[in-house]
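One-letter residues, chain by chain:
There are 4 protein chains.
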Amino acid sequence: MSSKLIAIVAGVGAGTGAAVARKFAATYPVVLLARNPDSYQSLAEEINASGGKAIGISTDVSDSKSVQLAVDAIKKEFGSDVAAAAAIFNASGGFMRRPFLEVPEDAFTQSLTVSAKGGFLFSQATLPLLLEGVKQKSQYPPSLIFTGATASVKSSAQMSSFSTGKWALRALSQSLAKEFGPEGVHVSHAIIDGVIDIPRTKGWLKDAGPDAKLSADGIANDYWYLHTQPRTNFTWELDLRPAVEKW
Amino acid sequence: MSSKLIAIVAGVGAGTGAAVARKFAATYPVVLLARNPDSYQSLAEEINASGGKAIGISTDVSDSKSVQLAVDAIKKEFGSDVAAAAAIFNASGGFMRRPFLEVPEDAFTQSLTVSAKGGFLFSQATLPLLLEGVKQKSQYPPSLIFTGATASVKSSAQMSSFSTGKWALRALSQSLAKEFGPEGVHVSHAIIDGVIDIPRTKGWLKDAGPDAKLSADGIANDYWYLHTQPRTNFTWELDLRPAVEKW
Amino acid sequence: MSSKLIAIVAGVGAGTGAAVARKFAATYPVVLLARNPDSYQSLAEEINASGGKAIGISTDVSDSKSVQLAVDAIKKEFGSDVAAAAAIFNASGGFMRRPFLEVPEDAFTQSLTVSAKGGFLFSQATLPLLLEGVKQKSQYPPSLIFTGATASVKSSAQMSSFSTGKWALRALSQSLAKEFGPEGVHVSHAIIDGVIDIPRTKGWLKDAGPDAKLSADGIANDYWYLHTQPRTNFTWELDLRPAVEKW
Amino acid sequence: MSSKLIAIVAGVGAGTGAAVARKFAATYPVVLLARNPDSYQSLAEEINASGGKAIGISTDVSDSKSVQLAVDAIKKEFGSDVAAAAAIFNASGGFMRRPFLEVPEDAFTQSLTVSAKGGFLFSQATLPLLLEGVKQKSQYPPSLIFTGATASVKSSAQMSSFSTGKWALRALSQSLAKEFGPEGVHVSHAIIDGVIDIPRTKGWLKDAGPDAKLSADGIANDYWYLHTQPRTNFTWELDLRPAVEKW
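Protein chains in written order, with full-length UniProt numbering: chain D, 1 to 247; chain L, 1 to 247; chain Y, 1 to 247; chain G, 1 to 247.
Careful: at least some of the hints might be erroneous.
What the hints assert, rightly or not - Calculated cross-link-like contacts (lysine-lysine; reagent style DSS-like; alpha-carbon spacing at most 30 Å):
#1 D:Lys154 / Y:Lys206
#2 L:Lys65 / L:Lys75
#3 G:Lys154 / L:Lys206
#4 D:Lys206 / L:Lys76
#5 Y:Lys206 / L:Lys154
#6 Y:Lys65 / D:Lys154
#7 G:Lys75 / G:Lys137
#8 D:Lys4 / D:Lys137
#9 Y:Lys246 / G:Lys154
#10 L:Lys202 / L:Lys137
#11 D:Lys53 / D:Lys154
#12 D:Lys202 / L:Lys137
Hints in this document: simulated from the structure, not taken from any laboratory.
As the structure is a prediction and not an experimental result, all values here were calculated from the model.
One chain only, chain D, in its complex shape (with noise of 0.2 Å):
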C-alpha cells in the first residue's frame, strides 16, 4: 500500500482527538495512538466500519522506544515508504490546579513529560513521514499542527504544572514551523481557550447557553481547514473560544 498519504493522530480519546481522526478519515487512513487501547478501539472500529481506514497503536508518546514502535508499526502496515498528510498532536499531561507548595514532583515532571517531551518525540517520529508527503507532492501541504491551552499563553496561579508542559510544547512548535515552513511543511499551534464539549464535560457550564462551549467537531474543521491553507499563507497560530467566553 505504498506511495498512500496517512494521517497521524495522537491523544484520541472522547473529544477533541477523536473528532480530529475522523474528520482527517475522510481523506485519509488514519493512525490513532494512545496509551490505551480502550481510547482508540471502538473509534477505530467506527471509522473502519464507515468506509474509512483506521489503525489503532498502543504508544506512550513520552517513551521514545514506544514511539519508534509505532512507527515501525505505521511502516509494516503502510509500506517503508508510507508518507505524512497531517500529524496532529492532542497529548497532554493532566490539567492541576493547586498551591505551588503541594504539587508533587510526579505531577509537575508529567506534564513536561507528555506535552514537552512527548511533543519532541512525535515531531522527530513524524516529520520524516510529512517531509516524504512533500516529496510526493501531497495535495496540500503536509500539516503538523499541536493543540494548546489558555494555559499556552498564560500562566496563572497554582496552575504552573499545566502550563510550563503548554508553553514548552508552544515554543516548540513556533521552532518547527520556521524550521520546516521552508520545507514546505505546515506546523500550526491551535491555543483552545475553554471548555470543549465532550462527554467529560457534560454537566459543566449548564447556566451559560447552549454555545458555551467549543465544539469538538468544530476544531476538527479548524484543523483541517489549517491543513488545507496552501504554501503561501500558513498559519502558525490561531485562538479558538466561545463566541460567550469571557477573556
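Based on these hints, arrange chains L, Y and G on the given structure of chain D.
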C-alpha cells in the same frame, strides 16, 4: 430589497480588498468603499457582470460624515432594515520607513487617522448592521474582520508611523471581539506577515521562488473561513505568511 | 546656563508626573509641561523652594506649535545648546469605559491625539536634546521614558478608546528603543498595572489593605533606576504592580 | 545563627551567577549552589576573604534528593528557622542550535530537566524560606528571581531544545508571581537579550564596540534593584540588552 444580508469591504484596491470582495460576492451583495471611484469601479462592474451584485461608494473612512453618507447610501440601496453578514476593514495608512526625526507630522497622523480612527468609524457604522444580521439569524455569525500586518505586533526601527496605527487597530479589534462576541458578532484580526502578491509587488522577491508572496485570493479564503466559523469556535486572531518567510 | 543637562516631564498633575519631577529635580533642573499652569505651578514653587530648579511651561503636547513653543522656551531658559538627561512622557488621554456604540468620536480621537500624536511630538521635540546629552557625555545615558498601563498590553471590552492610544504609544516606544538605543539614548516603557495612590484615588480599594495601590514615589524611583542603567544593560520594558494585585 | 536572612544562588559559574552572588553577599550571607565545587569554591573563598560570608553546596537542581540535601545543609549552617531574603535561579540547560531532526533526545530533555524541573525544585525548596523571610519582616520583600533569555520569548528555528526549557521556566515564574505576590514574595523574570560579557565570550562581538555585551555586574545590579522594590511596586518582568543590540 429588505432582509437581504450584505457584505461591506473598506479599502478595495487592486489587492487584498478586491480579492475579499470577489470572494464574499459569491454569496452576498457587496458594498465597496474606497476614497476614489477608480479603486472600485471596474471591480464593481466585474462582479455585476459575473452574476453578483456590487455597488461602490466613494468614502473616506476617516471622516465621520463621509462614513455616515455611506451608511445612508447603503440603506437607500438595500432598505433601512438592511443587515450585514460581514464587514471587512482593509484600509491602511501609508507605509513609511524613515528615520524618526524626519517623519513629517502629517505622515504620522495619517496612519493613525486611517487605521485607528478609520477602524473606529467603520466599526461604529457597521456593527449595528452586523447586530441586525444576528437578529435576522444569518446562516454564519456576522463577521467584522480587520487586516493587520507584521507591524501590528512588532514595531521596528524607523517604522513607528505605520506600526502605531496598526497596534491601535489591533487593540480596537481585541476590545470589540470581547464586547461583541457575546452579542453574536465574530470579530477577527489577521496578521498578514509578508508581501502580498498584487500588481504593485510584481517585481518583488523575484529570487525567492514562486511561493514567496502571500496570495490575495488565499487571504480572501482565510477571511471566508473565519466568517463561516460557528458561534462555538470563534477565532480572534491568526497569522498568515508564506511557507518560506523568515520570522 | 549652557551645557547643563535638564529633565523634561510631560503630564504633571498631582500623581506620577509630580513624583517623577521631584525625583529627577534632585539631580537636574526640571521642565514641567502641562496644559494648565494649575498643574505645575505649586510643584515648580515647591522644587525651587527646596533648592532645586523647575520651570513650568503651558503646553498642549498634542499640538505641534505648542510643543515647538515649549522647546523655544527651554532654549531661551537653558541656552540653545541645552541637552536633556531625561524626557518623560506621562500624558494620557481620558480613561473611559463605555459600550462601544456609545463612545463619542471626540472621546476616541482624544486618546489617540494625546497618547499617540502627543507621544510622537514630544519625542520629536526631545530626542534632539537627548542626543545632545549623548554628545555631551552625560553621566547616565539620556533616557526617554513612556508611562504605559494595563491597557497598553490588554484591550478589554468597552475600553477601546483608552487602549488604542496606549497600544499606539507602546508601539512608538518600541520603535524608538530600537532606533535610538544604538545612538545612546535609552528608551523605556513602563506598564503601570494597578491603581496609583494619588489624591484622586484616595477612597479606592479601601478594603484591599495598605499596599493595594502603586506608590507614585515608587514609580519615580523605578524611572530613576531605568535612567541610571548603563549602556550595556538597557531595559526597554518593565511592568509594575502592587504585590496583592490580581493579574 | 537564627533569624539571619540569607541569599541563595543556583547556577554560579564565571558569569552572571557569580556577579549576582557577589552583589547580594554585600548584604546577606550567600549560599552558592552548583553541581561542581569548581564552580563555587574560589568564589566562596573570595567572598569570605573580603568580609562577606559564603558557603558552597554541590547540588544538582534537577534532582529532588540533591536539592533536599542542600536545604538540609542550609538549615544545619544557618539554623532551622533560617529565612531567605533572595533566591536566584540562574541555572540553564545547554544551549544548542541544531537541525531539529538531529537533536538527541538527551539534549532536548536536559534543557527541560534543568530549566523547568530544576526551576520547580528550586522554587519548592526556597519558597518556604522566602515566606519565612516575609514572616520575619525582612527589610526588602523576599525575592525569587529567574534568569531568562531571548529564547524565553522567541523560539527560533533549530533552537527548540533551549527555548522549550526557557518558555517553561517563564511560565513557572509568571504563575509563582501571581500566587506568591499576595503572600509578600516578589517573583521576577529577567529576559537577558544579548551576549553577556564573561570569560567564555571574550572573543565574541569584537567588532561591535566596547558596549556590545551585557555586563554581568550590571545584571547583578538589576537583580538587586528588583530585590529592593517595595510591595507596592513589584516588577514581574524586565528585558535587558546592550544599547547597540539589534532586536
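Taking the hints in turn, this is what the structure says about them:
no.: 1; hint: D:Lys154 / Y:Lys206; in the structure: 29 Å, holds
no.: 2; hint: L:Lys65 / L:Lys75; in the structure: 15 Å, holds
no.: 3; hint: G:Lys154 / L:Lys206; in the structure: 29 Å, holds
no.: 4; hint: D:Lys206 / L:Lys76; in the structure: 44 Å, violated
no.: 5; hint: Y:Lys206 / L:Lys154; in the structure: 39 Å, violated
no.: 6; hint: Y:Lys65 / D:Lys154; in the structure: 44 Å, violated
no.: 7; hint: G:Lys75 / G:Lys137; in the structure: 19 Å, holds
no.: 8; hint: D:Lys4 / D:Lys137; in the structure: 11 Å, holds
no.: 9; hint: Y:Lys246 / G:Lys154; in the structure: 26 Å, holds
no.: 10; hint: L:Lys202 / L:Lys137; in the structure: 42 Å, violated
no.: 11; hint: D:Lys53 / D:Lys154; in the structure: 38 Å, violated
no.: 12; hint: D:Lys202 / L:Lys137; in the structure: 27 Å, holds
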